[in-house]
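Chemist: The residues making up each chain are set out below.
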Amino acid sequence: MSTSNHLPSFWARIPLAFGAFFKTLGDAEFAARIQQGPTVAPTAAPVPPPAPVPAPASVPAAAPLREATPDAALQLLALLQREARLIDFTQESLAGYADADIGAAARVVHEGCAKVLREHFTIEPVRSEAEGSRVTLEEGFDAAAVRLTGNVVGKPPFKGALSHRGWRATSVRLPKLAEAHDASIVAPAEVEL
Amino acid sequence: MSDPKYAIGIDLGTTHSALSYVNLSGSDGEKTQQSVLAVPQLTGPGTVEDLPLLPSFLYLPHPDEMAAAELALPWNADGAGPVAGEMARSRGATTPIRLVSSAKSWLCHPGVDRRAAILPNDAPEEVTRVSPLEASTRYLQHLRQAWDSAHPEAPFTQQAVTVTIPASFDPGARELTAEAARNAGYDAVTLLEEPQAALYSWIQGSEGRWRKDVKPGDIILVVDVGGGTSDFSLIAITERDGKLEPHRVAVGDHILLGGDNMDLALAHLVARKLAEGGTKLDPWQLRALTYGCRAAKENLLADASAESWPIVVPSRGSKLIGGSIRTELTRAEVTTFITDGFFPKVEAGARPAVRTRAGLTQLGLPYAQDAAITRHLAAFLGRQVGATADVPGFAERQNADHTFLHPSAVLFNGGVFKSALLATRVMDTINDWLYMEGAEPARMLGGADLDLAVARGAAYYSYVRRGEGVRIRGGTARSYYVAVESAMPAIPGMEPPIQALCVAPFGMEEGSELELPGQEFGLVVGEPVHFRFFGSSTRRQDAIGEVLDFWGPEELIEMNEIQATLSPEGRQAGDVVQVRLHARATEAGTLELLAVASDGQRWKVEFDVRAEGQ
Chain C
-7 MSTSNHLPSF WARIPLAFGA FFKTLGDAEF AARIQQGPTV APTAAPVPPP APVPAPASVP
53 AAAPLREATP DAALQLLALL QREARLIDFT QESLAGYADA DIGAAARVVH EGCAKVLREH
113 FTIEPVRSEA EGSRVTLEEG FDAAAVRLTG NVVGKPPFKG ALSHRGWRAT SVRLPKLAEA
173 HDASIVAPAE VEL
Chain V
362 MSDPKYAIGI DLGTTHSALS YVNLSGSDGE KTQQSVLAVP QLTGPGTVED LPLLPSFLYL
422 PHPDEMAAAE LALPWNADGA GPVAGEMARS RGATTPIRLV SSAKSWLCHP GVDRRAAILP
482 NDAPEEVTRV SPLEASTRYL QHLRQAWDSA HPEAPFTQQA VTVTIPASFD PGARELTAEA
542 ARNAGYDAVT LLEEPQAALY SWIQGSEGRW RKDVKPGDII LVVDVGGGTS DFSLIAITER
602 DGKLEPHRVA VGDHILLGGD NMDLALAHLV ARKLAEGGTK LDPWQLRALT YGCRAAKENL
662 LADASAESWP IVVPSRGSKL IGGSIRTELT RAEVTTFITD GFFPKVEAGA RPAVRTRAGL
722 TQLGLPYAQD AAITRHLAAF LGRQVGATAD VPGFAERQNA DHTFLHPSAV LFNGGVFKSA
782 LLATRVMDTI NDWLYMEGAE PARMLGGADL DLAVARGAAY YSYVRRGEGV RIRGGTARSY
842 YVAVESAMPA IPGMEPPIQA LCVAPFGMEE GSELELPGQE FGLVVGEPVH FRFFGSSTRR
902 QDAIGEVLDF WGPEELIEMN EIQATLSPEG RQAGDVVQVR LHARATEAGT LELLAVASDG
962 QRWKVEFDVR AEGQ
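Order-wise, the sequence lines are chains C and V.
Quick note, the first sequence lines up with residues -7 to 185 if you use this note's numbering.
Quick note, the second sequence lines up with residues 362 to 975 if you use this note's numbering.
I should point out that these hints are in silico values taken from the structure, not numbers from a laboratory.
Take the hints with a grain of salt, since some may be wrong.
[To be verified] Here are some, though not all, of the chain C residues that point toward chain V, as calculated from beta-carbon distances under 10 Å:
1. GLU59
2. ILE94
3. ALA97
4. VAL100
5. GLU130
6. ALA135
7. VAL138
8. GLY142
9. VAL145
10. ALA175
[Said to hold, decoys possible] Below, simulated DSS-like cross-link-like pairs (lysine-lysine); rule was C-alpha separation at most 27 Å, straight line:
11. C:LYS107 x V:LYS392
12. V:LYS573 x V:LYS779
13. V:LYS634 x V:LYS680
14. C:LYS107 x V:LYS573
15. V:LYS604 x V:LYS576
16. V:LYS392 x V:LYS366
Glycine included, every Cβ here is placed at the ideal spot set by N, Cα and C.
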């Protein structure tokens, strides 16, 4: 779909990816469009790793699109950097480090990401059943919350195995920003006097 | 005051403050509708979050450090003044010379002038310091403004407000807390001791079941180990007209020892271990290590099967993988340092070690010299062996062979006891002491909310003061004395011996006033008179006016001297006025000493004497 030769850089894709992540979670129509889109979108993960989230470029051009404000995405990025050092971690080359060193740093990232998610989101599984168990989807099921894969034929009720429980953010509590605050500084430089 | 809509309770803590409230229209008897206020505070420049706790830290920013607009709060659009809360704490960790912390411990530090701008005490000249009183005022003000911005329909000053204080606070520190509340714009405020607040919270949380959990004759020991202080109280359960009535019979001394000391002790242990391996930590890394140690400690104390817990000190620079330091905390270290270091299994006769302090003046806070909380507890129970002697129905519970007061139930409070292992250790230690004296083991009262119990209990107290629910009786927790020179011939080279004159007896109920009989003092108008001042937490029988010639070394504790100044209103400076001393326990929970002239004119005797030259 994307024929533009202005491919967004990795750093530009991070806010886009987060925007898409929250929009997919919060906006059923948008999620449905993504679902129908030509690219096979992987399930949105709870801890948003920057790369594999579908970019909004896959949305059909004709549909009226909402512009996501970058502030919320930048804010989340700032939180993930402050608590989890996520930008530091992803900007560093892994070459030359032993897995033990990477593992030590990953603890910081894991603990911090978990803290950000815990403090700013309430995240619950979409389906309460255990993964692997058989589930039945009655007619009129929420197609935005449950994605059908594999042998998708026939009519509801659909019967199948739950391969991923899904995640739903039931509340988002992002900090409020001062009017003049420049959100694009996700981590200020530090100078010790 | 118009009729309040809410009963508000404020926990003004050493490291954290919180505000809880009861909706009066939705509450009836023991059924209460209670919430905790999410306090808007800066968590970073230009970033405001609503958090249940307000860290009791104040940051004094440099004028060029942050734009004023970045410090705006909902009620302070131009961002003027010092910053309180989460950002103050995190900023202050990297710039400690601009951070005010532990203001509450300074507020009860007898060696300093608590109205003088002395904090941060290691700040350079150009930093405008604040006084301990001012810092406390700021936290209380922040909470009031947070309330007003969340509840514009119910102005703060029209609600019933209770602020908590450690049970060990002396009259001077209580008075200063009440003054801080007045300066913060609180109209009428009531003070409540924190261990009592914890018990109120437990009573309220049990929704009436507490009547089954305790019975007349029970003695509840409240062990409250907060971030910076440890506080003990004893509460006896009596029965009156068929109703259970808790009766606070004793409070402990002020111990500057808490959970933060434990995390710091572990961090220094790990830092030493790293130093042996050639890795030196800077102060920034040491702070990160302290956080890491707290998490590791909590995990090791919660999970008995874990043998060690990894700690990663992140790099300061952007090279996270290359610059981080990995280390670990082992179970043996936590056991040695925390369980056995702070909560050792000691005999009931153990007492905290006391070192004589070097030098006369203390620049820092007078931290406890013995880190063993169980030893402080043993000393407290030993000292209070006679605490229930006068309480009806308790005479046979305690006999002359007992070397310490036997509690029958224990209520824990404070984040430290989130670790069941530590609560169990304290229970085991107390039960060993009880077993040695042939007494039944004490039981643990469960179900307390360890972080917010004090704020919740304070709100509940604001509510029960209005006539609903159970109230803890108490009165003043100490008796007070002034020194008078005894009529003995002077001996060369010796200070004239002094006698102690009881000016306020133990257990004065709030709202009561007593006159010191017999004794009149001639005070010179306009000239301050100083008295040496003593308090006792054990001498329950002394009546007002009683004169002591001898007392045990532990019985009377000397406090800051107190001062009476007769203002010259309506009198000539230099006149001598005969006054009698009155003691008054106020409704607000403070104690006042008054000098009353024969014509009825009254002057307050100040507990907190300003240092010379201030």
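Chemist: All hints are to be evaluated individually against the structure, with a verdict given for each.
Modeler: Consistency of the hints with the structure:
Contact between GLU59 (chain C) and chain V, as hinted, is not supported at the beta carbon level, the nearest pair being about 23 Å apart and thus beyond 10 Å. With 10 Å as the threshold, the beta carbon of ILE94 (chain C) comes within range of chain V, its nearest partner Cβ sitting at about 6 Å, so the hint holds. Annotation: interface hint on ALA97 (chain C) holds; nearest CB of chain V at approximately 4 Å, less than 10 Å. About 5 Å separates the beta-carbon of VAL100 (chain C) from the nearest beta-carbon of chain V, less than 10 Å, and the hint is met.
For GLU130 (chain C), the suggested interface contact is broken, since its CB lies about 39 Å from the closest CB of chain V, more than 10 Å. Below 10 Å, beta-carbon pairs count as interface contacts, and ALA135 (chain C) has none with chain V, the closest being about 35 Å; its hint is therefore violated. Annotation: VAL138 (chain C) was flagged as interfacial toward chain V, and the flag is violated, the nearest CB pair being 33 Å apart, outside 10 Å. Violation of the interface hint for GLY142 (chain C) is found here, the shortest Cβ-Cβ separation to chain V being roughly 39 Å, above the 10 Å cut-off.
Here the hint on VAL145 (chain C) is broken, as its CB sits about 48 Å from the closest CB of chain V, past 10 Å. The criterion of a C-beta within 10 Å of any C-beta in chain V is met by ALA175 (chain C), whose closest approach is roughly 8 Å, and the hint holds. This hinted pair does not check out: LYS107 (chain C) and LYS392 (chain V) have alpha carbons roughly 35 Å apart, beyond 27 Å. The suggested pairing of LYS573 (chain V) with LYS779 (chain V) holds, with an alpha-carbon distance near 25 Å, which does not exceed 27 Å.
Between the alpha carbons of LYS634 (chain V) and LYS680 (chain V) the distance comes to roughly 24 Å, so the proposed pair stays at or under 27 Å and holds. Proximity of LYS107 (chain C) to LYS573 (chain V) is assessed by CA-CA distance (about 40 Å); at most 27 Å being required, the pair is judged violated. The suggested pairing of LYS604 (chain V) with LYS576 (chain V) holds, with an alpha-carbon distance near 10 Å, which does not exceed 27 Å. In summary, the hint linking LYS392 (chain V) to LYS366 (chain V) is supported, as the alpha carbons are separated by about 16 Å, within the 27 Å threshold.
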